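There are 6 protein chains.
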Amino acid sequence: MSTVYSPFVAELKEKMDFEGAFLVKIIQLHVDKNGRPYLNLILMDRTGEIEARVWDNASKLAEEVRAQDLLRVAGKVNLYQGRRQVIVEAAAKLPEGSAPLDRFVPASSYDVNRLYADLHALFSTLEDPFAKRLALNTLEDPEVKKKILRAPAAKSVHHAFAGGLIEHTLSVCRILDKLAHHYRHYYGKAVSRDLLLIGGLFHDIGKIFELSFERATEYSKEGQLIGHHVLGCELVDRIAGKIEGFPLELKLHAKHLILAHHGKLEYGSPKVPLTIEALIVHYVDDLDSKVNMVLEFIAEDVQPGEWTAVNRMMERPFLKTKVKPEVVGPSPGVET
Amino acid sequence: MSTVYSPFVAELKEKMDFEGAFLVKIIQLHVDKNGRPYLNLILMDRTGEIEARVWDNASKLAEEVRAQDLLRVAGKVNLYQGRRQVIVEAAAKLPEGSAPLDRFVPASSYDVNRLYADLHALFSTLEDPFAKRLALNTLEDPEVKKKILRAPAAKSVHHAFAGGLIEHTLSVCRILDKLAHHYRHYYGKAVSRDLLLIGGLFHDIGKIFELSFERATEYSKEGQLIGHHVLGCELVDRIAGKIEGFPLELKLHAKHLILAHHGKLEYGSPKVPLTIEALIVHYVDDLDSKVNMVLEFIAEDVQPGEWTAVNRMMERPFLKTKVKPEVVGPSPGVET
Amino acid sequence: MSTVYSPFVAELKEKMDFEGAFLVKIIQLHVDKNGRPYLNLILMDRTGEIEARVWDNASKLAEEVRAQDLLRVAGKVNLYQGRRQVIVEAAAKLPEGSAPLDRFVPASSYDVNRLYADLHALFSTLEDPFAKRLALNTLEDPEVKKKILRAPAAKSVHHAFAGGLIEHTLSVCRILDKLAHHYRHYYGKAVSRDLLLIGGLFHDIGKIFELSFERATEYSKEGQLIGHHVLGCELVDRIAGKIEGFPLELKLHAKHLILAHHGKLEYGSPKVPLTIEALIVHYVDDLDSKVNMVLEFIAEDVQPGEWTAVNRMMERPFLKTKVKPEVVGPSPGVET
Amino acid sequence: MSTVYSPFVAELKEKMDFEGAFLVKIIQLHVDKNGRPYLNLILMDRTGEIEARVWDNASKLAEEVRAQDLLRVAGKVNLYQGRRQVIVEAAAKLPEGSAPLDRFVPASSYDVNRLYADLHALFSTLEDPFAKRLALNTLEDPEVKKKILRAPAAKSVHHAFAGGLIEHTLSVCRILDKLAHHYRHYYGKAVSRDLLLIGGLFHDIGKIFELSFERATEYSKEGQLIGHHVLGCELVDRIAGKIEGFPLELKLHAKHLILAHHGKLEYGSPKVPLTIEALIVHYVDDLDSKVNMVLEFIAEDVQPGEWTAVNRMMERPFLKTKVKPEVVGPSPGVET
Amino acid sequence: MSTVYSPFVAELKEKMDFEGAFLVKIIQLHVDKNGRPYLNLILMDRTGEIEARVWDNASKLAEEVRAQDLLRVAGKVNLYQGRRQVIVEAAAKLPEGSAPLDRFVPASSYDVNRLYADLHALFSTLEDPFAKRLALNTLEDPEVKKKILRAPAAKSVHHAFAGGLIEHTLSVCRILDKLAHHYRHYYGKAVSRDLLLIGGLFHDIGKIFELSFERATEYSKEGQLIGHHVLGCELVDRIAGKIEGFPLELKLHAKHLILAHHGKLEYGSPKVPLTIEALIVHYVDDLDSKVNMVLEFIAEDVQPGEWTAVNRMMERPFLKTKVKPEVVGPSPGVET
Amino acid sequence: MSTVYSPFVAELKEKMDFEGAFLVKIIQLHVDKNGRPYLNLILMDRTGEIEARVWDNASKLAEEVRAQDLLRVAGKVNLYQGRRQVIVEAAAKLPEGSAPLDRFVPASSYDVNRLYADLHALFSTLEDPFAKRLALNTLEDPEVKKKILRAPAAKSVHHAFAGGLIEHTLSVCRILDKLAHHYRHYYGKAVSRDLLLIGGLFHDIGKIFELSFERATEYSKEGQLIGHHVLGCELVDRIAGKIEGFPLELKLHAKHLILAHHGKLEYGSPKVPLTIEALIVHYVDDLDSKVNMVLEFIAEDVQPGEWTAVNRMMERPFLKTKVKPEVVGPSPGVET
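Heads up: the protein sequence lines correspond to chains A, G, L, S, E and B, in order. Once you know that position 76 of the first sequence is 76 in our numbering, the rest is easy, because the numbers rise by one and skip nothing. Once you know that position 287 of the second sequence is 287 in our numbering, the rest is easy, because the numbers rise by one and skip nothing. Once you know that position 190 of the third sequence is 190 in our numbering, the rest is easy, because the numbers rise by one and skip nothing. Once you know that position 180 of the fourth sequence is 180 in our numbering, the rest is easy, because the numbers rise by one and skip nothing. Once you know that position 285 of the fifth sequence is 285 in our numbering, the rest is easy, because the numbers rise by one and skip nothing. Once you know that position 103 of the sixth sequence is 103 in our numbering, the rest is easy, because the numbers rise by one and skip nothing.
Okay, chain A solo, but in the shape it has when bound:
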């Protein structure tokens, strides 16, 4: 069988010979019962993860390579206990920068710059000048902008890929916009579109500090000890503190929208929703996360038949959709 060059993880098939570059997620040295050392690796790129085993030069490689390094690998794919496993025939560490990082980290299927532009455009339509300034200054803040173009929306569970946060944020904001329009027909101006959208933008923004996501996504120390609810409030304080005359009332609303967005104390919100806008933002955040989680889960399921395996978060299997979830780019939800 001839060798396949530069395959993605998702393309590796049983018995395939290949050569290519991968990100090392985990690396461990073991010794077999005859005293022979070998390496267990988990390799990843943006399409998935795969186990690998190295028998030759294992000790030497173990000294050179660390988790998060890039590795050039020549190998063959076997099935082991029902899972694919790479038997590595040759491997060498790649120097930093020898390949673009976005090949190795899973990413949004959309153009994140386009998502950013759409989000910016949406917030240019806010009525209240202070709410608009708060939103636009936040989006234009260099640190925020750099991070929001790469951040995932979660370590796992939903939108867990580079750009996932902005993809989720834009989707939530667009649904909130539709609901503002819808309920205006029912209850007049009682529900504030400005506050709904502020809630949409800021509810998860603390995640750009809660997670570290240069390569594999992890919680940062302040993420663990403080959490994205409070980190989001601190960002509001920082941005609003530089806007002269920023009204206290609006700052309280913005923070409450962030603090209450998980809906219940037991889900980590220190406050339950006490305003109609906080209540709606909570529902839409929950809905959009779950829809994404379930459809990704269905898309990736490999069970034969109509049912997926049991989803651990939701503690149930799902009936697969008739049409497989697919992506329509470049920016979703653009209504032209």
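Be careful, since some hints might not be right.
Put simply, identical chains are the same to the list, so a pair is met inside one copy or across any two.
Derived pair list, reagent style DSS-like, types lysine-lysine, alpha-carbon separation capped at 25 Å [said to hold, decoys possible]:
no., residue 1, residue 2
1, K132, K221
2, K221, K93
3, K324, K189
4, K324, K132
5, K322, K221
6, K322, K189
7, K146, K132
8, K155, K264
9, K189, K320
10, K178, K189
11, K290, K178
Since the hints were made in silico from the structure, they are not lab data. The structure displayed is predicted, hence computed values, not measured ones.
Based on these hints, arrange chains G, L, S, E and B on the given structure of chain A.
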């Protein structure tokens, strides 16, 4: 002070003298400590309820009048332990039909025939011919149509007024329609608009049998023993049973959408959502009920200051909206 | 060591050579690290399950054999990580019908026809003619009869074997009969024996549609999406619909007995018991299921000492009974 | 209207003049807004409780009469806020012993001596000599016997009347006896009839120390601080300690049956059932308490219509039984 | 009976004539059934609250007096439905400042300036210079100092009086100091005394902003929408922001100690304790609040007998202590 | 590499050759796929546990050696799936008593006789003569003394080593002593130091009967069926029964302190704390157990970085302490 004629309950103010007709919700005869009999009543019309006390001719009136009767009352309004109370000076039972019933039962602010027409129009746009037939045959079924034009969405809590069910149903369906459109940009045809809308129409339709709502809303016996989830499934069976070639698959989906719409077993759903459409219908039903409940609660709150009293369902007070909720008729959500 | 012919799974011992026929529950093809293909199987018959591994002709066999096929196997039993494992030396697919299916599926220890006759006799004693007709017509319905003679009471947990449903149903009905008699001495005719027995017969009957149990027991699609509570109600509707003059009141009671039998919403009942009979049926169903589950668990436990392993459903170990649970046939509970 | 002599509380009707003796449950002195003192009382006898008000000689009576005294009352019945209330015209404290106490405390409808004899006879049939001795010595212990002939099964909720404990105990034991017989046909001697019955007798016996029930039922101090689970175990220790050669194993079983009978930790059992007998005793205790509670609740309900008011313990209304619960004496469950 | 001058609420006894000044907590105008207006008031001072009724000049007084005003009252004490009630004979509003406010608001029994000095002295002993600066700068901040000398620890429940926060804070800090010393003998320097004390000082400090407590204690708007956890973190940011070189690590610890001090998400902490110090601070805060709550509850209980009434927070009665809780001033816990 | 003699389990490193004695915790015989028998063992000493595999003479050894035997082993340490595993080259059973048992069972780092002396001294300071007698007679009871010098405080979780119970008991008593002193300054003599210390000594003392701990710690049969709460009460009864004139009141308090020390019914306490002392004892027991558990968990964690692995009991990782927990002997908390 001069007498006010035909006031609504909501218009009765302390010290006002008035004359008018009301529906008797509760009637009880008591004897005071001097052995003098008196009547305690709860009177209602579509704007609210008020306590009343009759001292003259109490025994005679007690023999003539029953709960759910109409009563002509002349009286005066006092404050008793912080609540308004009518001291009845003269009262006489009104013959059946002497006044239009809709004066006495709270009702949707919208034209229910217009809501019905909007709903019918929406379901004419379904793609799948069997789904469309199921929906339209249901709406056109004479018993269903008669009941759905009057049914409340609940005994209390949310949309608890004549026409409340169709108002809630149409609102849910319109939001589902928007979401179908929104997620098509993200996941292609994976989420079925037809199933979402079938879920919107049928999720609460069993309430037309679960509740009796000719005058004051009560649970029917089958409502208590069987519940609107199963009663809704029986309606699907009945309507679909008359459509030749109706696919079993679609019937299973329709029933699952009904059975799972409360989202969790502990909220009375015998099945948790196992399809993406059932999950979304659950969220939108919950969102729309809560938004209505909270905004009605804010609109009716009489507490001084920025905060409402504690809402018993949600176990919290709410911050009042800046703009009071108001209604924009005739059919909400019409986008022209 | 000489070869054992046609052993049951329960009889396979370490180091035994044997030849016999088994049902294939699961079949998977793998490749070892030298590129050599092998098969992992789970084989079953009515006495249990065992893992098996095929090294010779693995690929060819993988093409011929599917899950749920019958397989003739010659092999040897090893211990692997503390569990028995068959090393297959030769294997061949058996043609459909070459062996009676009941050898391969675990079954009630009782004569199901005798259980059926006992159940039928019990329901001939109902007083109310419509209740009696409902019960007997159901038992005599050809589809119901065929299925109820084979259905298990659950996929696992309790009475999880062919005939388990009718065994559990008869046991519950007999206990209910005793309780009707008992409480008549306390509360006169307040508790209806007819309703208790209707509850006993119908509470789990929806399981004949919720499960598919020709070979290994699985949930059917309507089982997953609708559930045995509602499927049981649909059966009541279907049978009662053909009995002229069937009283609505009795139909409501029958359905309520089914819907409420899990006792609490969080256990999947859409209604809590609201009648004294529904309350009693719930307790007896729960008691009989748990007694069966625990005694089977004790009977099958292989731990040394007085205590069983931890039962996962009940989250505790059990003290073993002094006398091991044993079966006394042909129909249990016959009092002569 | 002529005066009724010696009526029971249950017989007092609006506007009735009467004279009779009652137990004082609560007595409080107040002053009206004109400075005139009056007494509020709650009077009781075995048929129920009623509020009463004394205007004449209130201060003097307040000095003479205490809660738990007997009082001779002449008065008249009024309705006050929908409840009956006695206006006392004359009242005088009765000397201790001037009337038999059992007129004033609600009691079992059965002959408690007959219940005791039945229970004693049942335990004479135990097989294991030590189990039999433990049971009979307990029943024959003078302190236990005296108390068990009077104790209620609870302060309120179920069997809350003199003799309620022995009534409940006998009912539970008889059901357990039937189940022992029933399951012998299924599982042979795995379930021990002796242990089931020991569980039936002892599960609630600690209540004779947990409650004080000479007049109105209250918790004793040791009841509050220790509880009937542990008090029951202490009784087992005390009785078994006097039986030579009493096996430790049986003592452990007896205590475990007591400690585990509430079934779950959160219901006050420090141990969950770990033996098949403890599991069954828990179910039957729960069933018998609930059946008694619900049927008493239905029997006493005064709501018009088919439904009772909401039962606070069970958080639901109940559908009334077609036939009102009635009592068939002298000892229930005697099968002759 | 002669008139008592300037009594405290706690000293008002049935039938007493008195004259004195009180704070108006609630004021409501009603009309009796003869059309005569009257006022219902709740009067308070630092020893408690009492209901009052005004019949003369009620309307005029209603126009002049508002909640939170001071009122001079001459009246008499009656018992009404078992509770004391003042019948007001004459009343007049007092001008602002005509009496020292601390007569009317319940307060710590200790000298709050002494408590403050003790707290300040304790934090002068911290080892880490930044931790010491953070604590002392906070205590010395003019706004914080002014507020902390008056703030209660809660709106009700525990330490609900002026100075309650500093009393609770000092008690918690002293216990933490003892535990730091205790565990040093067990685990060496693993548990940081500095962090424990920082947690003790800051855990509840956000309450100075969460509550408004000039007269009667209420939640502020930022208290409702943001809560004392996050408000405490903002204070840390503000004070630490002015200390040059303040280490990020210490700021994270301080905030985590605040955010995690309720111990569980469902109690309003957005983070569970993840450091050993946060875990200990949580326990000690909980312990000290409960001890204060229970001992105050026992001290104020007026039930006859050994048991208190049921405590609503803890859902149980308590056995009264043999010795009544009493206060030993001026600063508690001073060990000299 | 040269051989290491008599290493502790904690000292075994990958690739090390060694010889030494260990306690056999688990022993199982298997056969590999070539029919070759081998042994899987878990070996332990007081520093930890390790897996071992024997290939030579496996069958013979399997016949001679049982769990809880001592074994002399010569072998080599490999890494297998990331865990250390001993490959046994030679092994022989050691005769009983050939090595001191305390080498093989993990133990308190303190001198248990010193802990015992400290505890005895502390209880000599009780004021109430009966409380003092109860405590000292218990400590001096030969069976209690023998067991308390060896018992662990739990099977796992916290203080799970020989002497763990007395270490935990002394720590709890000392903290209670400090709190008694602390709260005396706040509430006078309301909180009884005697009762606090009685609670500290007896709360867990039933564990000396609940656990069997000669070698590996297991639950005893009475531990499983009765539990340490009730076993502790039985000990109080036994010791107090021999003290003439022992007051009932004190016995009730002592038992309540034991029964309520888990704080909530769902944690196995049949009574919630109803006295102030029971409440405080519950908090301090919980605090001291958790502090020990978390610090031991941190001390043993081998994860790289600042965070431990997830603690299964607490369902969270912990931030490691800056200074590693270390022990300062001989008796902790001695303040000289």
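Checking against the hints above, which ones are violated? Structure breaks hint 2 only.
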